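There are 4 protein chains.
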Amino acid sequence: MDASALQQAIPAIFAPWIAAMDFEVIDAAKGSVTLRMPVKPAYVHVGGVMCGQAAMAAADTAMVLAMMTELGEFRPMTTVQLQTSFLRPIGGDHCTVIAKVLRSGKSLAFGSIDIVSADNKLAVQATTTYALL
Amino acid sequence: MDASALQQAIPAIFAPWIAAMDFEVIDAAKGSVTLRMPVKPAYVHVGGVMCGQAAMAAADTAMVLAMMTELGEFRPMTTVQLQTSFLRPIGGDHCTVIAKVLRSGKSLAFGSIDIVSADNKLAVQATTTYALL
Amino acid sequence: MDASALQQAIPAIFAPWIAAMDFEVIDAAKGSVTLRMPVKPAYVHVGGVMCGQAAMAAADTAMVLAMMTELGEFRPMTTVQLQTSFLRPIGGDHCTVIAKVLRSGKSLAFGSIDIVSADNKLAVQATTTYALL
Amino acid sequence: MDASALQQAIPAIFAPWIAAMDFEVIDAAKGSVTLRMPVKPAYVHVGGVMCGQAAMAAADTAMVLAMMTELGEFRPMTTVQLQTSFLRPIGGDHCTVIAKVLRSGKSLAFGSIDIVSADNKLAVQATTTYALL
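Protein chains in written order, with this note's numbering: chain Y, 135 to 267; chain H, 135 to 267; chain R, 135 to 267; chain B, 135 to 267.
Here chain Y stands alone, though its shape is the one from the complex (with noise of 0.2 Å):
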């Protein structure tokens, strides 16, 4: 799947407020997926930086997109847990939320997901298990 048939997909297979985020596919290859995110102002709290629930909806998303790459479509998954941890803030506007597969067994399937800010800084790591249904 390229960055075009991700891109398609998403308004398909994501909530419609995750949808609403606007996520641009820029790239995608076999296990890995790289999204330009705009940093919408209704992201931004009161300490004038992007709100870490939005990096976390990113993230979680981009790893989907990056198991569809790894699986060559669309499989019914689920998130078993997804850890983030948050390095520095993100002001600017937009961000790139980069995903990739570690390993993708039968059931499970674990990923690693980068959000870096628009003056190249990793701001955001994240890691995740999902089970494949």
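To be clear, the hints were calculated from the coordinates, so they are not data collected in a lab. Small disclaimer: the values here were computed from a predicted structure and weren't measured. Wrong hints could be hidden among the right ones.
Copies of the same chain look alike in the list, so a pair counts if it works inside one copy or between any two.
Said to hold, decoys possible - As a list, the in silico DSS-like pairs of lysine-lysine whose alpha-carbon atoms are at most 30 Å apart:
id : residue 1 : residue 2
1  : Lys164    : Lys234
2  : Lys164    : Lys255
3  : Lys255    : Lys234
4  : Lys174    : Lys255
5  : Lys255    : Lys240
Starting from the structure of chain Y, add chains H, R and B where the hints point.
Same frame as chain Y, now just chains H, R and B:
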């Protein structure tokens, strides 16, 4: 800070995207808070249940409110990490989010968040670390 | 499986390195187990408190035993992930490890482990996912 | 601090139980360290592979050493949280532990640890937060 004070603080503190989730603070005591979370159709993905992204957003939001009850006021803080486990799917039209401060130190605080589905089952369990700025 | 049966199972199931930690099973019920853990001098690092590595080893060990009470027997299983938060240092000569199964499904199980210091404070909190093989 | 200085520091800093694991520092640079870990028979559980407790102990130990290369010295620090994912079993007689500092701030540091099995596969992946005291 009581439930009513926390409710009023939501639009001032959180990103508009989070304030629009319409959490209702139904209980608050020192170090703990309970939210009623409407499961809006916009949060439901292709699998017919609430997306994990909405659950993680709820967990982080509830923890900030629990910290406010602990501290007696809003103080600038940042999520250091948040780990979420997804035990069961969340169907139905609402769920309940219960956040507890496990420890609040000078610079770091630790918390635990349970999300209970409308049929009263533990569906999501999260643990988190916050840094006070 | 009661406390005595679990105690006897420890050397058969766990690595010798873990069996040598001399956990004492002091309570067991379906889905939960309580261990007394001696804080041996060998576990104490330069800071004068129990090393985090020993705490993580205790958490994982206690969860396997809790799963055995849940299942009524030992079944092959593997830790998928384990997240540990370190809330307070552990001094003193022992601590108490309490593991609870939060959910046990067909292929995945979720648990929570608390480690309480000798002066009765929550010192370590862990959550974990196991896969049944 | 080079590999030799780190090697010499191990018995002074870590608990004797950890020093006895005989990690060998095979590479070190600013912000990263690589350890050779012998998979001793004492670490092997009933399933015939290295127990997860030994892997978590290795991850935490390697991160402390990586922080020392980052800071140029040993400074008192404490693990805030450590999340470990177990991707594949570790057989064979040794494995390799690679720790990297992702960010080192004034009071908090973040790191990532990979454990690679003797047949060169990513077997364990951990992320961690440390507090500098």
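Indices of hints not satisfied (ascending): none
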